[in-house]
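As you go down the protein sequences, you meet chains A and B in turn.
No gaps in the numbering here: position 102 of the first sequence is 102 in our numbering, and each next residue is one more.
No gaps in the numbering here: position 207 of the second sequence is 509 in our numbering, and each next residue is one more.
None of these hints come from the bench; they were simulated from the model.
In this text, a Cβ means the ideal position worked out from N, Cα and C, and glycines have one as well.
The reader is advised that the hints may include incorrect statements.
To be verified - The calculated label-pair distances, taken between Cβ atoms and stated as ranges, are:
{"id": "1", "chain 1": "B", "residue 1": "Q321", "chain 2": "A", "residue 2": "H153", "range": "50 to 56 angstroms"}
{"id": "2", "chain 1": "A", "residue 1": "D76", "chain 2": "B", "residue 2": "F536", "range": "44 to 50 angstroms"}
{"id": "3", "chain 1": "A", "residue 1": "D199", "chain 2": "B", "residue 2": "P501", "range": "26 to 32 angstroms"}
{"id": "4", "chain 1": "A", "residue 1": "S96", "chain 2": "B", "residue 2": "P501", "range": "27 to 33 angstroms"}
{"id": "5", "chain 1": "B", "residue 1": "L328", "chain 2": "A", "residue 2": "R152", "range": "43 to 49 angstroms"}
{"id": "6", "chain 1": "B", "residue 1": "K431", "chain 2": "A", "residue 2": "R23", "range": "57 to 63 angstroms"}
{"id": "7", "chain 1": "A", "residue 1": "K131", "chain 2": "B", "residue 2": "E387", "range": "23 to 29 angstroms"}
{"id": "8", "chain 1": "A", "residue 1": "G175", "chain 2": "B", "residue 2": "P501", "range": "39 to 45 angstroms"}
To be verified - Once the Cα atoms are required to be at most 20 angstroms apart in a straight line, the calculated EDC-like pairs of lysine to aspartate or glutamate come out as:
{"id": "9", "chain 1": "A", "residue 1": "K131", "chain 2": "B", "residue 2": "D514"}
{"id": "10", "chain 1": "A", "residue 1": "K189", "chain 2": "B", "residue 2": "D514"}
{"id": "11", "chain 1": "B", "residue 1": "K509", "chain 2": "A", "residue 2": "E186"}
{"id": "12", "chain 1": "B", "residue 1": "K511", "chain 2": "A", "residue 2": "E188"}
{"id": "13", "chain 1": "A", "residue 1": "K89", "chain 2": "A", "residue 2": "E279"}
{"id": "14", "chain 1": "A", "residue 1": "K89", "chain 2": "A", "residue 2": "D118"}
{"id": "15", "chain 1": "B", "residue 1": "K509", "chain 2": "A", "residue 2": "D162"}
{"id": "16", "chain 1": "A", "residue 1": "K189", "chain 2": "B", "residue 2": "D516"}
{"id": "17", "chain 1": "B", "residue 1": "K359", "chain 2": "A", "residue 2": "D199"}
{"id": "18", "chain 1": "A", "residue 1": "K212", "chain 2": "A", "residue 2": "D110"}
{"id": "19", "chain 1": "A", "residue 1": "K189", "chain 2": "B", "residue 2": "E504"}
{"id": "20", "chain 1": "A", "residue 1": "K189", "chain 2": "B", "residue 2": "E508"}
{"id": "21", "chain 1": "A", "residue 1": "K131", "chain 2": "B", "residue 2": "D516"}
{"id": "22", "chain 1": "A", "residue 1": "K131", "chain 2": "B", "residue 2": "D517"}
{"id": "23", "chain 1": "A", "residue 1": "K189", "chain 2": "B", "residue 2": "D517"}
{"id": "24", "chain 1": "B", "residue 1": "K509", "chain 2": "A", "residue 2": "E188"}
{"id": "25", "chain 1": "A", "residue 1": "K212", "chain 2": "A", "residue 2": "E293"}
{"id": "26", "chain 1": "B", "residue 1": "K394", "chain 2": "A", "residue 2": "D174"}
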Amino acid sequence: MGKEEEDKEMEMGSIVVEKVGGRSSVVHCFSRYPLKFIIPKKVGSSRTDAVWVYALNYGGGIVSGDQILCKFSLGDCCTMVLTTQGSTKVYKSVASKCSRQILEARVGSDALLAIIPDPVTCFSTARYYQKQVFNVSSNSNLVIVDWITSGRHESGEKWDFDLYRSVNNIFLEDGQPLFLDTMLLEKEKIGCIHELVQDYQVIAMILLAGPKLQYVQNLMQDKVKGIMSEQLQHPSGALSNQRNEAGYLISKPSFMASCSVFGTKKTSLVVRVAAMTTESVYKFLQKQLAPLESMLGMAPYR
Amino acid sequence: MQISEGCNNGPCLASSISQWSQWQLLDSLLPTGGFAHSFGLEAAVQSHLVSNPDQLKTFIIHVLENTGSLLLPFVHSASVAPNLETWHHLDKILDATLTNEVSRKASISQGSALMRVGSAVFSEIPSLKTMRNASLGSGTVSFHHAPIFGLICGSLGLDSTDSQRAYMFITMRDVISAATRLNLIGPLGAAVLQHQLAPNAEVILEKWKNRDVDDACQVAPLLDTVQGCHGYLFSRLFSS
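Given these sequences and hints, build the entire structure.
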């Protein structure tokens, strides 16, 4: 089966946003089971020009073997937000099937696309592959939050899934790759995933790209530098003198983050976070993405 | 000139000479500046992620694992097609793939040094020099390390598996060297550890070798995060 035919089979949703009468408007919206889009008529201030789309999965999550493809097209100067109503639960894999969720988005010139979902939570033995591909113009703006929690930690499920693979690729107009990132956590290949992430329960990536987001990027860099500089101490020499009196290791930071600038003009930022609680990441996102309220109409993660 | 009794033609001499080149490429004496980089170890120590010898060993294994998953595809592809077009293509993809600014800069600095040294040292491969000159000042080539390493290995006649194993070797060599300079382990302990980890490195090589660059991925998110913290260190020994 050719790619186009495969796509048609898998296509569960598509949305096109264009300027109509000077306002970002949904000119095309399609979704079918198990995916559903909810597009409220008004979100936040009516002065802001932004379309908010809530993506829901029937059944509250992604079931083993689900194959979901969504295509979005955002016209020049438009603003669109894609978010969820709760964390995306990926249920256990049946017969080793892998669930796939693929998003392809085309973002126009001077447009802003914000993908700000709740985190993904993979249950024990789940197999999940997520791919997000963005085709952007040189002055497009992107906010992408992609994050995963360790599982149902109340039940003691920590990093107990079989496979999690998350791809985020950004291409410029001429097809040049701007950002190619794949994270793979696979039990079979790595053994114990828990060993790789230690006591951290949440892994997050926050990406901010484009001229409209310079201010938010600068604030983010300052904040992360501030948080980490406090945590990192002067080197204390040889190993094994870093235990306290009780013999326990001096604790690692419960929230760790670092920023990297990328792109030829260095106008993009990617933040990597590892945290021991989901709450601390929600708080971080709330605070750091609050300045987006003026562009989106509502602050993310409130 | 007689090399040995049983050796009476060109290829035998050529393969012996190429061993000298291969060993020189892997020798830490080659001035490529590998020792300016700690692979995130310095930041890991200062954030207490690595506080004892066991954690050091685990850290090194994770670095090797991530090298395998993320960088071996570039070494592999370059070694099987050691030409200008392939090199430039891989360099561009790797620049977009190394999303961690600290490791991206380290890759560029090591790659540039390796290309400069390699084209000067291995003068029997004039294409290295011409490729280098054609790429300097183009503004579009970053001179990333893994593709250049693969390019030189391929040009020296190393097969792809050996090239990838060699890349794993120098990565392990450099992290362990960083550990001694950070005073985490003594020189003898470092040598013992390096030998102990060789079987791990071989398993990791088998797992991740000969993959396409489209499949390049990160498998150690904590490592990526902590390595990115290098710039926040109050006092540091290494550039990354």
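Checked hints:
| no. | hint | verdict |
| --- | --- | --- |
| 1 | B:Q321 / A:H153: 50 to 56 angstroms | 54 angstroms, holds |
| 2 | A:D76 / B:F536: 44 to 50 angstroms | 46 angstroms, holds |
| 3 | A:D199 / B:P501: 26 to 32 angstroms | 28 angstroms, holds |
| 4 | A:S96 / B:P501: 27 to 33 angstroms | 29 angstroms, holds |
| 5 | B:L328 / A:R152: 43 to 49 angstroms | 47 angstroms, holds |
| 6 | B:K431 / A:R23: 57 to 63 angstroms | 59 angstroms, holds |
| 7 | A:K131 / B:E387: 23 to 29 angstroms | 28 angstroms, holds |
| 8 | A:G175 / B:P501: 39 to 45 angstroms | 42 angstroms, holds |
| 9 | A:K131 / B:D514 | 18 angstroms, holds |
| 10 | A:K189 / B:D514 | 17 angstroms, holds |
| 11 | B:K509 / A:E186 | 12 angstroms, holds |
| 12 | B:K511 / A:E188 | 16 angstroms, holds |
| 13 | A:K89 / A:E279 | 17 angstroms, holds |
| 14 | A:K89 / A:D118 | 10 angstroms, holds |
| 15 | B:K509 / A:D162 | 17 angstroms, holds |
| 16 | A:K189 / B:D516 | 18 angstroms, holds |
| 17 | B:K359 / A:D199 | 18 angstroms, holds |
| 18 | A:K212 / A:D110 | 8 angstroms, holds |
| 19 | A:K189 / B:E504 | 14 angstroms, holds |
| 20 | A:K189 / B:E508 | 11 angstroms, holds |
| 21 | A:K131 / B:D516 | 13 angstroms, holds |
| 22 | A:K131 / B:D517 | 13 angstroms, holds |
| 23 | A:K189 / B:D517 | 14 angstroms, holds |
| 24 | B:K509 / A:E188 | 11 angstroms, holds |
| 25 | A:K212 / A:E293 | 13 angstroms, holds |
| 26 | B:K394 / A:D174 | 14 angstroms, holds |
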